[in-house]
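Protein chains: 2
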Amino acid sequence: MSALSDLITPAALIDEARMLRNISRMQDRMNALGVRLRPHVKTSKCVEVARRQSGQGAQGITVSTLREAECFFAAGFNDILYAACIPPNKIDRALALRRQGCNLTVIVDSVEAARALVASDHAFDVMIEIDSDGHRSGVRAGDRLLIDIARELTGGGANLKGVLTHAGSSYDLNAPETLEQLAEQERREIVAAAEQLRAAGFSCPEVSVGSTPTALSATHLPGITEVRAGVYVFFDLVMANVGVCTPENIALSVLTTVIGHQPEKGWVIVDAGWMAMSRDRGTAKQAHDYGYGAVCDVQGNIIEGYTVAAANQEHGIISRDSRSPDHDIAKRFPIGSLLRILPNHACATGAQHSCYHLVEGSGQISRWDRFNGW
Amino acid sequence: MSALSDLITPAALIDEARMLRNISRMQDRMNALGVRLRPHVKTSKCVEVARRQSGQGAQGITVSTLREAECFFAAGFNDILYAACIPPNKIDRALALRRQGCNLTVIVDSVEAARALVASDHAFDVMIEIDSDGHRSGVRAGDRLLIDIARELTGGGANLKGVLTHAGSSYDLNAPETLEQLAEQERREIVAAAEQLRAAGFSCPEVSVGSTPTALSATHLPGITEVRAGVYVFFDLVMANVGVCTPENIALSVLTTVIGHQPEKGWVIVDAGWMAMSRDRGTAKQAHDYGYGAVCDVQGNIIEGYTVAAANQEHGIISRDSRSPDHDIAKRFPIGSLLRILPNHACATGAQHSCYHLVEGSGQISRWDRFNGW
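Chains as they are written, first to last, in the numbering used here: chain C, 1155 to 1528; chain S, 1155 to 1528.
Next up, chain C with everything else stripped away, as it sits in the complex (with noise of 0.2 Å):
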C-alpha cells in the first residue's frame, strides 16, 4: 500500500515519527525518575506497538483483559499484569496462562477475591490494588482491609508481589499544579500501603503507580518501583485539554472522505461518523471541546476551528466552531477529498477499528493489526 489514497475510509492512521516520539518521551522521563515503564496496551492492543515501547526500555506490559494477556502471551511478552481485579470465574483462564510459562500477574481489592485465588491452589503472583483518589476500585492505605487480604493470599500460598495503584480522577484536572499535587498524593497513598503492609510483616516488592497524567507530572518517585500508562503512546484531544501533550502530538487519526455538504448551514459530511470515531465526547466538559475531533488536512496538519459537531453511525458532521458558518465549505473541502480526523480518546478510538495502517515518514503505510473482545 504506497498511498493514503488506496485505503478504504474511514480508517484509523498511526502517523509512525509521532507515535516514536511520544513513546521516548515517557520512556525519557522515567529514566531519569528511576523507575520501570510498564506501557498499559490496552491503548493500542496492537503488538507491534508494544514492541516499539519495549525497544525503548519499557519492561513488561499491563493489560485490561485476559484476551489482551493470551494474545500478548503468544506475540512473545511475557511479564504481564492484569490490571483488573480477577473474578472467580476468570482463575481457569489466567491459571492456563500461567501453566503455559507465562509470568501472568493478577489483582484483588478483596478477601473474597483473595480467597478464590487461593482456592485454586496455584501460586499465583499476585499484587493488591490500593485506592489513591476514590475514583474507582481498591482499598485505603491505613485499611485493615489490606493486612486481611495480604494474610488471605500469603496463608493459602500466594505470591504476594506488592500493590499498585491508578490515579484515574488526573482526568479530570488541566493545570500543571494541581497535577503534580495527584501524582504526588498518588505516590503518597501506595507507599503508606506498602509500609503498612511491610510493618506487619509482609514483604512488598513491588510499588507500582501509574495514569498518563500523574507519570508526565510526577516530579519525583521515592517508594515507587514502576510506573503505568498507556495513552500516552498516542495520545489524544482529552489529553491535549489535560494538559499534558498539544494536538500536534497526537499520533492517532481517522482518515475519511467528504461524501457531502450542506453549504446554507456551513456542514461538510464526511464517513467518519461514531462507528469510526467512537461516541466517547470526553472533552465536551473540557476547556476546548472538540466534538467528535479536531479536522486536520490529508497531511495530518490541523485545520483551525472545525471539528466534526455532530455524529450518526456512519456520517461525521463537520462545521467551523465559530458562530458564523462557513458557505464556501463545499469548494474548500470537495467530495471525495481526504481529511484526517484527530480523537478525544484514542483508546476508544483505536477499539472501533480492527488494525491501523501506520503512516511512516516516507510515505510508505503498513498495515498493524490489532484486536478487540475479552
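No wet-lab data here; the hints were simulated from the structure.
Mixed in with the good hints there might be a few duds.
For chains that are exact copies, the list does not tell them apart, and a pair is met inside one copy or across any two.
To be verified - List of simulated lysine to aspartate or glutamate pairs, EDC-like, C-alpha gap at most 16 Å:
id, residue 1, residue 2
1, K1485, E1266
2, K1439, E1334
3, K1419, D1287
Starting from the known structure of chain C, arrange chain S on it as the hints suggest.
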C-alpha cells in the same frame, strides 16, 4: 453452551423471545400500513438476526457500509440498499458487487456524486436522498438541485429508482403527538420530492422513509412504498425514553460479572465498562438518565433504581439512583455474581462485540457472529 455462567464476561446477549416480538410488532404495523419493510441491518450486523426479519416478511435490507453489503450478499441477501451517499472512492467496490449479481442500490444528494457514478459507465440503480427534517444529509423538496441530480443521473444512463429520507431528528422527541407530526412531515416532504421529480418527467417508483420512532408513530403512509428501520429489532433505553418501547422490550443486554465493591459509597464494580457498553450516553439528555445502562438480574429482570453510573474501559460502577447509597450492596451483589445491563443504544453497544449469545426460551444458548469494520 448450556449456561450463562459458562460465558466469558462481558458478553452480548440477545433475548430471543423479545427480539421475535419486536420483529413481529414492526412487521405487523408495516403490513397494516400497506408498505414494505426494509430493515436496517446496521443495528445487528448479524445474518441470523436479518434472517428472522426476512422470515417475518421483511423485503430487502438497508446497510450503512459496503462491508455490510458484501457480508450480507455473501450470506444470500440480494436486495440491498446502501443508505449513505456514495463518494467516488467507493464506486469500484459497489460496482464489483453489482457485477457479482447483487441488486445493490446506492444513493446520492449532489450533482458531483451523481457525475462520478455515471462516469463509471455502469447503469447503477440510484436513489436521491431527501432532507425531510434538516438533521443531516439530503436535498430539500422543492430545491431545483433535485432536478439537476435526476438529470445528471438519467442523462448518464443510471436508473433513477426513487427517493429516500430518514427523519433522524425523531430521536430527540418523546411525545406521541410530536412523533406522529414528524412522521407525517417525513412522509409529506418525500412525497413532495417524488411529485417534483414526476412533474419534471422523471420516473420515481420508490418512495422510502424511515426511522424506528417515526415508523412506529405513522398513522397513514399514502405515497410511501417502503419503510426502513433498524434499532426496533433490539430496542434500547433511548427508545424507551422516546416512548416507542418499554425497558422490558429490550432484547439486547450485556452479561457482566461483579469484580469488587466500595461499600461505603454503595458502589459495585463490574467487568462491563465502556468497552462492553460503548461510550454512548444517549439517555443523558433524556427524561430518564440511565448512565451507561440499566441493571437487571441474570435472568433479565430489571432491578429498579440501579444503573451503571460511571464507566472506565473495563470497569463499570453500579450504584443506586437515589442520593442515599446502598450500603448493603456487597451482600446484594456478591463478587462473582452475574448481572445483565440494558444498553442506552443498541447499535453502539452491539458494535463493541464480535458475537451475540442468543438466549432461547428454553435457556439454550447459541453463538451468533456479527461483524464490524468497513
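Open item on the list: Need the list of violated hint numbers for this structure, in ascending order.
Closed with: Hint check: 2 fails alone, others pass.
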